[in-house]
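Trainee: Whenever a hint applies, use it, and build me the whole structure from the sequences.
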Amino acid sequence: MLGKTAGGLLWLFRYMERSENLARLVETGQRIALTRPDRAESEWTSVLETAWARSGYEEDHDEVTGEQVIDWLLRSRDNPASVINCVENARMNARLVRTALTREVWEAVNECWMTLCDALSRKITAKELPRILGLIKQRSAFVRGSLHGTMLRNDIYDFARLGTFMERADATARLLDVKYYVLLPTASGVGSSLDNAQWEVILRSVSAEGAFRMVHGRVRRAQDIAKFLILDKRQPRSLAFCYGKIGDNLAYLESDYGVRLPSHDLVEDIRRDLDRATIEGIFDQGLHEFLQEFLRRNTELAAQVEQDYRFSQ
Amino acid sequence: MSDIDYFDEMTNPDGSIRDAYQAYQAWFAQEDPAALRAKTREAEAFFRLTGITFNVYGQAEAGERLIPFDIVPRIIAAREWTRLSRGIEQRVRALNAFLHDIYHRQEIIRAGILPVDMIAKNDAYLDQMIGVSPPGDIYTHIVGIDMVRTGPDQFYVLEDNARTPSGVSYMLENRETMLHMFPELFQQNRVKRVSNYPASLHSSLAACAPRHCDQDPVVAVLTPGIHNSAYYEHSFLADQMGAELVEGHDLRVVDGRIAMRTTQGYRTIDVLYRRVDDDYLDPLNFRPDSYLGVPGIFDVYRSGGITIANAPGTGVADDKAIYSYMPEIVEFYTGEKAQLENVPTWRCSDPDSLAHVLDNLDELVVKEVHGSGGYGMLIGPTASKKDLAAFRKKLEARPSNYIAQPTLALSTAPIFTKAGLSPRHLDLRPFVLVSPNGIDITPGGLTRVALKKGSLVVNSSQGGGTKDTWVLEED
Numbered sequence: 001m002l003g004k005t006a007g008g009l010l011w012l013f014r015y016m017e018r019s020e021n022l023a024r025l026v027e028t029g030q031r032i033a034l035t036r037p038d039r040a041e042s043e044w045t046s047v048l049e050t051a052w053a054r055s056g057y058e059e060d061h062d063e064v065t066g067e068q069v070i071d072w073l074l075r076s077r078d079n080p081a082s083v084i085n086c087v088e089n090a091r092m093n094a095r096l097v098r099t100a101l102t103r104e105v106w107e108a109v110n111e112c113w114m115t116l117c118d119a120l121s122r123k124i125t126a127k128e129l130p131r132i133l134g135l136i137k138q139r140s141a142f143v144r145g146s147l148h149g150t151m152l153r154n155d156i157y158d159f160a161r162l163g164t165f166m167e168r169a170d171a172t173a174r175l176l177d178v179k180y181y182v183l184l185p186t187a188s189g190v191g192s193s194l195d196n197a198q199w200e201v202i203l204r205s206v207s208a209e210g211a212f213r214m215v216h217g218r219v220r221r222a223q224d225i226a227k228f229l230i231l232d233k234r235q236p237r238s239l240a241f242c243y244g245k246i247g248d249n250l251a252y253l254e255s256d257y258g259v260r261l262p263s264h265d266l267v268e269d270i271r272r273d274l275d276r277a278t279i280e281g282i283f284d285q286g287l288h289e290f291l292q293e294f295l296r297r298n299t300e301l302a303a304q305v306e307q308d309y310r311f312s313q
Numbered sequence: 001m002s003d004i005d006y007f008d009e010m011t012n013p014d015g016s017i018r019d020a021y022q023a024y025q026a027w028f029a030q031e032d033p034a035a036l037r038a039k040t041r042e043a044e045a046f047f048r049l050t051g052i053t054f055n056v057y058g059q060a061e062a063g064e065r066l067i068p069f070d071i072v073p074r075i076i077a078a079r080e081w082t083r084l085s086r087g088i089e090q091r092v093r094a095l096n097a098f099l100h101d102i103y104h105r106q107e108i109i110r111a112g113i114l115p116v117d118m119i120a121k122n123d124a125y126l127d128q129m130i131g132v133s134p135p136g137d138i139y140t141h142i143v144g145i146d147m148v149r150t151g152p153d154q155f156y157v158l159e160d161n162a163r164t165p166s167g168v169s170y171m172l173e174n175r176e177t178m179l180h181m182f183p184e185l186f187q188q189n190r191v192k193r194v195s196n197y198p199a200s201l202h203s204s205l206a207a208c209a210p211r212h213c214d215q216d217p218v219v220a221v222l223t224p225g226i227h228n229s230a231y232y233e234h235s236f237l238a239d240q241m242g243a244e245l246v247e248g249h250d251l252r253v254v255d256g257r258i259a260m261r262t263t264q265g266y267r268t269i270d271v272l273y274r275r276v277d278d279d280y281l282d283p284l285n286f287r288p289d290s291y292l293g294v295p296g297i298f299d300v301y302r303s304g305g306i307t308i309a310n311a312p313g314t315g316v317a318d319d320k321a322i323y324s325y326m327p328e329i330v331e332f333y334t335g336e337k338a339q340l341e342n343v344p345t346w347r348c349s350d351p352d353s354l355a356h357v358l359d360n361l362d363e364l365v366v367k368e369v370h371g372s373g374g375y376g377m378l379i380g381p382t383a384s385k386k387d388l389a390a391f392r393k394k395l396e397a398r399p400s401n402y403i404a405q406p407t408l409a410l411s412t413a414p415i416f417t418k419a420g421l422s423p424r425h426l427d428l429r430p431f432v433l434v435s436p437n438g439i440d441i442t443p444g445g446l447t448r449v450a451l452k453k454g455s456l457v458v459n460s461s462q463g464g465g466t467k468d469t470w471v472l473e474e475d
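Order-wise, the sequence lines are chains Z and V.
Sequential numbering of the first sequence, starting at 1, is according to full-length UniProt numbering.
Sequential numbering of the second sequence, starting at 1, is according to full-length UniProt numbering.
Misleading hints may appear alongside valid ones.
Here are the computed distance ranges between Cβ atoms for each label pair [unchecked claim]: (1) R193/V - R213/Z: 57 to 65 Å; (2) P262/Z - G463/V: 49 to 57 Å; (3) E111/Z - P183/V: 53 to 61 Å; (4) P436/V - P236/Z: 51 to 59 Å; (5) N437/V - P236/Z: 47 to 55 Å; (6) R193/V - R31/Z: 56 to 64 Å; (7) G463/V - S312/Z: 35 to 43 Å; (8) Y257/Z - D216/V: 18 to 26 Å; (9) P262/Z - N437/V: 22 to 30 Å; (10) D118/Z - H356/V: 48 to 56 Å; (11) D118/Z - G131/V: 40 to 48 Å; (12) P236/Z - G225/V: 34 to 42 Å; (13) R131/Z - K394/V: 29 to 37 Å.
Hints were generated in silico from the structure; no laboratory data involved.
Since the structure is predicted, the reported quantities are computational estimates derived from the model, not experimental observations.
Backbone N, C-alpha and C fix where the C-beta goes; we use that ideal spot for every residue, glycine too.
Mentor: Below you can see the structure in the form of structure tokens.
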């Protein structure tokens, strides 16, 4: 496989994952805005921060309003991290690597692009928002489904999956980091209603309220939420789960190509540290510091994979 | 122009249906027009989903566009095709012999048949190719011959595409679409298959691998990238052949060979089907500002390290001034009279011809010698006074840049419109593969059709569409 193709596959699936994560963030932002109007502005600000879109937004806007933030995150061509730009970039990468994709995967990406270009061509009213957010998640699910259902499990698949899980790990870690203060023992002392709302935001942003209840029951404790999203290997958006997958896919590449590369050592280190970590240890070390370090290593790994597999000259 | 009786492919002047269209006509008469309109929309949705789109240059805001597809096939009888394909084969042999000659002994110039200026002053002639003998002495591996019909037995070659003919993906996708939408038609008509093309292309290219290549040759397709108007076709052909689709920045010279950067290091390529023009192929040997090519690839080529298809410098065989010599070229190299006719052509570089062209500008079609895609041409009979005057100035300024031809009464075939079947002008581009194993012509080719009533311009960049092209099996 061409190095360029490996890079295109990885980025195709990074962008698909990103657009889906953005839809979830907007969904929870809107929910807070509707149920706790007094918290709306600070919630939208933290949504912008989680989506890597705050500084761009502030350059272009004087105030933070739900309507403008939603527009910026979903439709704006000026925001490089908007859903429309993610979908545009995903399709561009799909065209680039088209010979590596099955017809079904290509068509799912192309149809995602066609559908969302149309759905996002007009300003979105509050009434329409749920339908459009649903569409974004659904189109992403179609792409994932056709990948699962039709693609050969070879190096092509491995690079696609690496993109998905590197992006997902990054998104979950950023979400936690932006909200880390509400998870700290000092801030969460008595489980006031404000904090409960914040915790709900975190769980909803990764579509995990139900799953959390199954595992931890109805009582929410900050530490359990952090543990669930960092260390629980059954939770498909947790850091440990993502790194399990990244490690597996890199290991398949190692055995497929018969070559061990620096990225294999790197991923093993990160995986081992997650395996050994306890939530108490993480809080002792400092949640913010832990997440910052994790984000740094995730970025480092992405760069190493790019170099090891010759994405560019 | 409306008083001319155009030859119609489907209907005789007395209103009866020609043999090749009998079965189709019987089927069509039974169909519900509303259902057929729905099929047209279905076809469009299919093309859009598959991404069979092209970019129109100079219209950035238009983005990707579809080439309109018409659901009525263009049908060619077996007997007609046999005659055409013999003529095409003869012409393609002559093109390759001509290219070999002008880059070696130039017998055709010594014999006084072709003026030396036609080569010496030709921008498409590459001095760097002098003395280079590609494997099998094949220069143009993939050829598209543009033909038009004006009568029952009257075909003309309008243009030879010996550089990088495009459109073959439309030929294949049009057929797929028809098979998908109207399977019953293929039970009622015995249509020659076209689906072998990608496999034939691969084996044809592989057969032209460098002489030292002893294992299964590695073939790759070189594209200028996703913004090129024909990118879909490049990716489609690579996909169908199971070849890598590479860009210039994926390639470099490694140990005197051309290699592509893979996830596991550099891997040598034996045959490169390039869809990048000569000028951009190698910044060290041609245009230094090109980012699309591979520095040093031409040196590897000359030393026999890689086969490039089509060979650099083949463009000299398909420019429109050389075209006017094709009857002589065919006769010189094959020893036979050309079976396919040329359109009578005035070379404006010749003062007498220029005078004739200027006197009759409103009746002629004038084309740029190196033009393509229907850009920069004048269709006298439909041009405004202003256009005619502007073109006259261009002609006088650079006469050798132009040729002129009579306006041909292109045949028509029906397209499906809101009002039912309606005749439109069309042409035909058969696709030819050349290798040491022989010449392979896919039955039919790409039919391009002018969608505007009365229009003679079939180019997709100018609002033309395409049709599935059927060649029927012998009875």
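Trainee: Hint by hint, say whether it matches the structure.
Mentor: Do the hints match the structure? See the list:
no. : hint                        : in the structure
1   : R193/V - R213/Z: 57 to 65 Å : holds, 60 Å
2   : P262/Z - G463/V: 49 to 57 Å : holds, 55 Å
3   : E111/Z - P183/V: 53 to 61 Å : violated, 24 Å
4   : P436/V - P236/Z: 51 to 59 Å : holds, 56 Å
5   : N437/V - P236/Z: 47 to 55 Å : holds, 54 Å
6   : R193/V - R31/Z: 56 to 64 Å  : holds, 58 Å
7   : G463/V - S312/Z: 35 to 43 Å : holds, 40 Å
8   : Y257/Z - D216/V: 18 to 26 Å : holds, 21 Å
9   : P262/Z - N437/V: 22 to 30 Å : violated, 47 Å
10  : D118/Z - H356/V: 48 to 56 Å : holds, 55 Å
11  : D118/Z - G131/V: 40 to 48 Å : violated, 57 Å
12  : P236/Z - G225/V: 34 to 42 Å : holds, 36 Å
13  : R131/Z - K394/V: 29 to 37 Å : violated, 56 Å
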